[in-house]
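There are 2 protein chains.
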Amino acid sequence: MPDMQWLDGGITAVPGILASGMAAGIKPSGKKDLALVYSSAPARAAAVFTSNQVKGAPVVVSQEYIRDGRAQAILASSGCSNVCTGEQGIRDAREMTKTVGELLRIKPAQVLIAATGVIGQPLPMDKIRAALAKLVKGLSPQGGRSAAEAIMTTDTRPKEAALRIEIGGRPITIGGIAKGVGMLEPHLATMFCFLATDAMVASDALPRVLKRAVDGSLNRITVDGDQSTSDTVAVLANGLAENAPLERGSRGLREFARGFEAVVAKLASMLVADGEGATKVVEVSVRGARTRREALLAARSVANSPLVKTAVNGADPNWGRIMMALGKSPARVAQDKVAISVGDEALVEKGMLKAGARLDKIRALMAEPEYSISIDLGLGRGQDRVWTTDLSEEYVRINGKYTT
Amino acid sequence: MPDMQWLDGGITAVPGILASGMAAGIKPSGKKDLALVYSSAPARAAAVFTSNQVKGAPVVVSQEYIRDGRAQAILASSGCSNVCTGEQGIRDAREMTKTVGELLRIKPAQVLIAATGVIGQPLPMDKIRAALAKLVKGLSPQGGRSAAEAIMTTDTRPKEAALRIEIGGRPITIGGIAKGVGMLEPHLATMFCFLATDAMVASDALPRVLKRAVDGSLNRITVDGDQSTSDTVAVLANGLAENAPLERGSRGLREFARGFEAVVAKLASMLVADGEGATKVVEVSVRGARTRREALLAARSVANSPLVKTAVNGADPNWGRIMMALGKSPARVAQDKVAISVGDEALVEKGMLKAGARLDKIRALMAEPEYSISIDLGLGRGQDRVWTTDLSEEYVRINGKYTT
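Chains as they are written, first to last, in my numbering: chain S, 3 to 406; chain L, 3 to 406.
Chain S extracted, bound-state conformation (with noise of 0.2 Å):
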């Protein structure tokens, strides 16, 4: 196991990686709203985004862009989302790009494009031609907290993780940037995690590793089961580090990839602790199942329960509520060999409130930030866990009062 070490900051922690954040005006708050990464090397990139089939313009372009395998920018705005926009929005999206691979005099294709906020309205594109120069201008090593800060919509606080790992002898850089968790936003908001690391990545490596850090992490928070038309992770990586490059099935790589699914994770536990209106996070994990799918279907079912999330919210050890999502989900349940545990504390046995269960202790656990409820199906070897929050009448406020 490699030396991990932590490192103040984000993506601009990572050499050669410089960043900028600015009020455009596209927020009518006069907030930061435009973000530019940037590598001054030619980067090797991949990215991953939304599943839903209701994609905004930055994602189409960004999936046409990307297949090269190959970014050296990441321009992401926020207060508009451009999404149901049309042909305008594709054409708004390719003129940014266009115009930023200018200011860097690097290929538009060169600049993946993100944006999240109002969707069905046009970006105000004046004023974005008038930012654009001075965003590039303000590119620095120190912007990683600037670029954090104007991606942000109903995030409370800004979102870095940076980290130092040593590869063959080498010092590497891992940093990233994030912002929302799984629509968060009164107006659709979205997630983002753009990531960058100095070292020398296989090209068919660095997707997969991105795949399975997205997949270990981001894919297992959820705060309402909706899912954003926007969601984009994307990651820069370019080479500075004049590492051997790191091939697929190689030591280092699995070391690197260690490395990089830390900052996912620390960059996710912020997500989600920063969820609307939540008080909780709380990690639902469950063994015992036929196969892991099964388990983590199973956890989902639990962990987006409207009824457990209130229960959640309120401390209320109410098992019963975790049966019956368990119960409702596709995953195989024999309702007389479930187990659940909170914290350590063993609640159900069998099935049924388990004998002498301590729910006293229970409420208090409950009481905490953060805890752990654990459920054994009894049923196979199958496990997996997801990180959820509570259902608070804050979140009720923040997505129903706000008007358009």
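Simulated from the structure, these hints should not be mistaken for laboratory data. Treat the numbers as computed from the prediction; the structure is a model and nothing was measured. Do not rely on the hints blindly, as some may be mistaken.
All copies of an identical chain are treated as equivalent in the list; a pair is satisfied when it fits inside any one copy or across any two copies.
In silico DSSO-like cross-links for lysine-lysine, where the CA-CA straight-line distance does not exceed 30 Å [unchecked claim]:
| # | residue 1 | residue 2 |
| --- | --- | --- |
| 1 | K363 | K136 |
| 2 | K129 | K139 |
| 3 | K139 | K339 |
| 4 | K129 | K352 |
| 5 | K100 | K136 |
| 6 | K100 | K33 |
| 7 | K100 | K213 |
| 8 | K363 | K29 |
| 9 | K356 | K129 |
| 10 | K352 | K100 |
| 11 | K109 | K139 |
| 12 | K268 | K129 |
| 13 | K109 | K129 |
| 14 | K29 | K356 |
| 15 | K29 | K352 |
| 16 | K356 | K339 |
Chain L: place on chain S using the hints.
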């Protein structure tokens, strides 16, 4: 189309049907909690139950009893669901049907049983044993309302419906009572719908009529997407109308089914209007799907989306959330073909805000207690619809602040 005449009252509007409701002390509040419906003549019966894999003991016992297609009584309790109670729960349920059967001089298997309320706790059998003779003694042709009250949990009002229809020159009566809807109660409650008719229905036709009526209405209402472990719908058909038996494929059966569906649909609309914390009832209809199944999946995805439901609560014409919910559904969606209306007002065309959409008018429509959202996917001929409620702060209060 035969004449339908709505009647006052509910299940005891049906000739030969008696009912009774009383407080047995299961509910700490002292409210009514024990209900009995009885047909003075032997009856054909059919029932459908929750599809949750975790099932209450009464569901297990009733599923066994209904196999012969006959029943003469329905015994229902509220306040304690007898779910997750192991072998003792099964024994308790059987004992209750045995006692009532002895008092009514029918076999235990002629007594269907249902329970709703707290889960994981044994029924207070001493109190129930002490009450059953009084419950049977209380049976009366005016007892329908009392039975409807005795099955309530967080329902704010009892639900009854009855109508008369003429089939082949003979008047036929159909009546029912219902409670709850789709996981409403703080402790895992339940939807019950108990129906009766004096029609003589062929034994192989009754289960089909019931299933079709349930699919058309009760299975298309949703409050929070959660699913009780105790849902039970049952019908008794005692044949006292002395009509010619309604055989499968006959015109008479079709006419009967239409009346039966009207009663079930009326009860369903009462259920959704009384959903926990609900301030609105919204019909979500989808057409233009590739198949009817996909239309239903798309409608459900919209109807269950927390973001759509909070927008409904806030009367916010946030059509982007509807697009998002369509896009995440398993149904095929092509975003540039989607059209959405609220009431008769067009809102979205070709996946974008319709030019000239009258948002003020739509906001006013959404302030009404009932309205429809109509979606055209533009892909095929599949259509279906569901009814949903908004997600209110009150829902979270009801479900979160309750402590055991």
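Of the hints given before, which are not true for this structure? 1, 3, 12
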